Amino acid sequence: MSLYLLQIFNGVGIGMLYFLIAVGLSIIFGLLRFVNFAHGAFFMVGAYLAYAVSVSLGMGFWSALAAVPALVFVLAVALERVLLRRAYRLSHMAQILLTFGLSMILQELAIVIWGTDGLHMPTPDALGGVVEWGGFIYPKYRLFVMAFTAALAGLLWWLLEGTRLGAVVRAGSEFGDMTALLGHDIPRVFMLVFGLGAALAALAGVLAAPIRGVEPFMGLDGLSIAFVVVVIGGMGSFAGALVGGLLVGVLQSVLSSVWPEMARPVIYLCMALVLLTRPYGLFGRG
Amino acid sequence: MRDTALRAADLLAAPILLAVLPFVLPSYDQATEVIVFAIAVLGCNLLLGYTGLLSFGQGIFFGVGAYAAGYAGSQLGLGLPAMLAAGALLGMAAALFVGAFAIRQRGVYFVMLTLAFAQLFYFLAYTYRDVTGGDNGMTDVPRPPIALPGGAALDLGSAPAFYVFCAALFLLAFFGLRRVIDSPFGSTLVAIRENETRAAAVGYSVRGFKLAAFAFSGLLTGLAGALHAPFLGIATLTTIDVTMSQAILIMTLIGGGGTLAGSLAGALFYVVLSSWLSAFWPRWPMLIGFLLVAISLCAPGGLWGWLQNALLSRRQPGEVRDAAG
Amino acid sequence: MDRRSFMKVSGGLALGGLPWYRSFAADADGFPMGCATPMSGVFAEIGKYSLIGAQAAALDVPEVLGKPTRIVSIDSEGNPGVAVRKVREAMQRTGMRYVSGALLSSEAIAVGKEMNRAGGVAFVGAGADEVTGSECNRATFRWSSTTYGAIEQTVRPLARLMPQARRWYTITPQYVFGDALLNNAKRIFSEMGIEHVGNSYHSLTESEFSGYLTNAMAARPDVLLILNYGAQSTATLRQAVSFGMKQKMTILMAYSDGVTQFHSLGKDIVEDVYFGCQYWHGVDAPTNKHFVELCRRNFKVTPPYNTALTYISTRLTLEAINRVGSADPAGIAKALEGWKYDGLTGPEEIRAFDHQGLKDYYLMKGKPAAEVSDPDEMAVIVSSGESTIPVEQSLCKMAGA
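Residue numbers (the working numbering), protein chains in the order written: chain A, 5 to 290; chain B, 3 to 327; chain C, 77 to 477.
Where hints are given, some of them may not hold.
Taking lysine-lysine and the PhoX-like style, the derived pairs with C-alpha atoms no more than 25 Å apart in a straight line are [claimed, not checked]:
id : chain 1 : residue 1 : chain 2 : residue 2
1  : C       : Lys324    : C       : Lys441
2  : A       : Lys144    : C       : Lys324
3  : A       : Lys144    : C       : Lys322
4  : C       : Lys322    : C       : Lys441
5  : C       : Lys441    : C       : Lys365
6  : C       : Lys443    : C       : Lys365
Simulated from the structure, these hints should not be mistaken for lab results. Predicted model only: the values in this text are computed from it and were never measured.
Work out the full structure: start from the sequences and follow the hints.
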């Protein structure tokens, strides 16, 4: 019995990270109606920059945690202004093509700079080791990730629901023209939101790096997860990304005890089921 | 007069091109690869270019076709026509299955659904390794000679012979597709792509037409897969995974258009470019990435005819534009 | 045909027909020796090291039958269909008849069959035993030890080393290679009275192993036997260590890439973990010492398994051609069969029965992190030996052919 509780707990842990990977994609789609196939690439870039800052430059994990999302925010904003802005008025197909091409470029660029081999990013010393409490054993670092992402989720929620910027974002996603007519600088809001979405993915990359290592194709994995979570939870929904992420994480973790071979495929099955029965996801709106 | 000259050129261009291809490319094999993928691109084009459906599931039909043909040939000992028929028909069946579910949604949800199905079919192919050979693949796919009436047999073992065979099938597929596109059925597909709501309002069963488009697409893509298996002698997981779907899509988008040149151009460009580049630089996917970025952004500029139509169709439904091709 | 389409097609043809494309490929002089390996895609790491091995061999055998050795690099892209097609093309373009390289199992089987069909020799490295087992043929040779050998030389010695470790838990990738490792392990478990307390299968695309590891911990094993490979084994081990499993049990990774994987893991994770390796640069064999020196000097790299396997496969092929004095594949295949030579693991042999290389496999243990000063020396050899699937148990049916 306690094994299943442990698996559920572990699933929540995995799920929080999945939420963080996916929430950026969800927000970007919700506001910009923009399908971003390069989202996984930002996840990867975040991990690589974390390695660069913490290991190559020797500045440690905490500096990376603070600096990398900011760096990727700037990078994403630049990309948005130069490249992606032109694609908003195009159809989803063009956006997919554009961002897909971009992800290929970024992936190969990572290999050019850092090589094909997987890189090792050590857990910060303060968070090494496990917490042991009776029969419960869990890495300190994963507990930190859970707590951190929970706090971040709270912060994001407040940002979206409690601030003026958040109100503008929400209004802009539903009534873009009206919001623009009311005097808000919609292109600027778009740009900031895109940057935020990418920065969140990069942050997920930083946090994931000590767990799964840094390698050039982790972006593909991140993208798959993000899509599944966002589809299940609902595109454009913050709560959806959270619930979707937790659901996928728990499902994966519990199945690894009950039906291990299915742990991966079941998430695509869920994705298909949700798309067929509730296409807008559990929390999404059209 | 000019019209007939143009039509003649259009009709003759195909055989001339196919005759020249193996001499321009380094080998018959590369030319065959181009042709086989060009058939798959025809299938993808029907969905994407004409019906406006971006499917990430083309790899499913290609792979099903490859495995079906491989199984028919290596396990059941059937002849080549039976192998190809098995591949094409099972490809169509798979497309009907996927399409029946996928067309319930539109836009990006449709795309996601095809992606999910692609992953699930990959998982099936990978799990049922007694049938597909799993990760090792289905080996020993034969290329049996075709029995002709009168006792003779058409031996396709040599690279030139198989190329001619595939080229003939491509022409068949192309002209067949041409007929479909030029018919009222084809016009309805375009109407659905341009403005689905209006097409439904006028009275067309949008679902029925989309499903039919899927069926044709599956048939063609399955045929391509069924040719691919005896071409290489193997049918592997890579014929059914997401990267195959991506490659077919990229070829379709590069080439564009329902013309012979379009699908052939796309397949030619991609196969040649990737072969050539990969001999120079292992990071060649980066260049493909740049190409995709360029294509997606230059589309509004009108550089690639139908691509412009397809890509802008959702945003400006009121705009009048010429038929693709 | 409208103008746009015409331009597109012309562009494609021009690309294909560019004279420099063809002259680049078709070289009049030079003896073509193919190196087929994934240079791009998810498995690009394999290709990078494999190609170095081929290039190193070309340095050691600079001339074949009077012509300069020319390595023809073929990017298999991790795709067996692409591999077969490109190999075929290279054969047509350059007259190449010999290919080596570290390939994925599916690629190796496909390329081996193609060389058999077209008339050539494929001396490949791959994990799947089918290459010299059920899919063996006259043209295919393999240097890498069988899964039989990998397990015999890791599980058995470790079990002997730790007779009190009676409970073992396995984590297995769900495909033919994983199953081969698992079945071999189960056989030894039953022979030695070890209790197999559980197994977790997982998919080939999995990167999150915490669920499986939690399950493993609940079974309270004495040894965690990791049977996956490459990036997945790195992730599994990294996560296992983060869960503090090293303190609770012994961990054995049966199939490791060796030095490059140790770099990816870092000395803290490698410490006290047991690894099974196909090759180790520290082995004191004359050919190996020469090879390691060659790689360090010319390519600035300490050779891992993929470099070693391509090097020895390429070098054996080229030397055989020179020895026999002709480039006829059937003759060279015959010359390779039964050849005993000084290899990278000591004295080695190519078994004539199934063209399988007989060589040592190593059980290694990670050194204490504090003692590691050189990142290439994170582990030491605990035991080694040669075990290959016995002829009676092999599925190879070549002998009758």
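Verification of the hints:
1. Among the hinted pairs, C:Lys324 with C:Lys441 is consistent with the structure: their alpha-carbon atoms are about 17 Å apart, no more than 25 Å.
2. Restraint check for A:Lys144 and C:Lys324: the C-alpha separation of about 17 Å stays at or below 25 Å, so the hint holds.
3. Between A:Lys144 and C:Lys322 the CA atoms are separated by roughly 15 Å; this keeps the pair inside 25 Å, and the hint holds.
4. A threshold of 25 Å between alpha carbons decides the hint, and for C:Lys322 with C:Lys441 the separation of about 13 Å falls inside it, so the pair holds.
5. Note on C:Lys441 and C:Lys365: the hinted pairing holds, with a Cα-Cα distance of about 21 Å set against a maximum of 25 Å.
6. Proximity of C:Lys443 to C:Lys365 is assessed by CA-CA distance (about 22 Å); at most 25 Å being required, the pair is judged to hold.
When the structure is compared with the earlier hints, no violation turns up for any of them.
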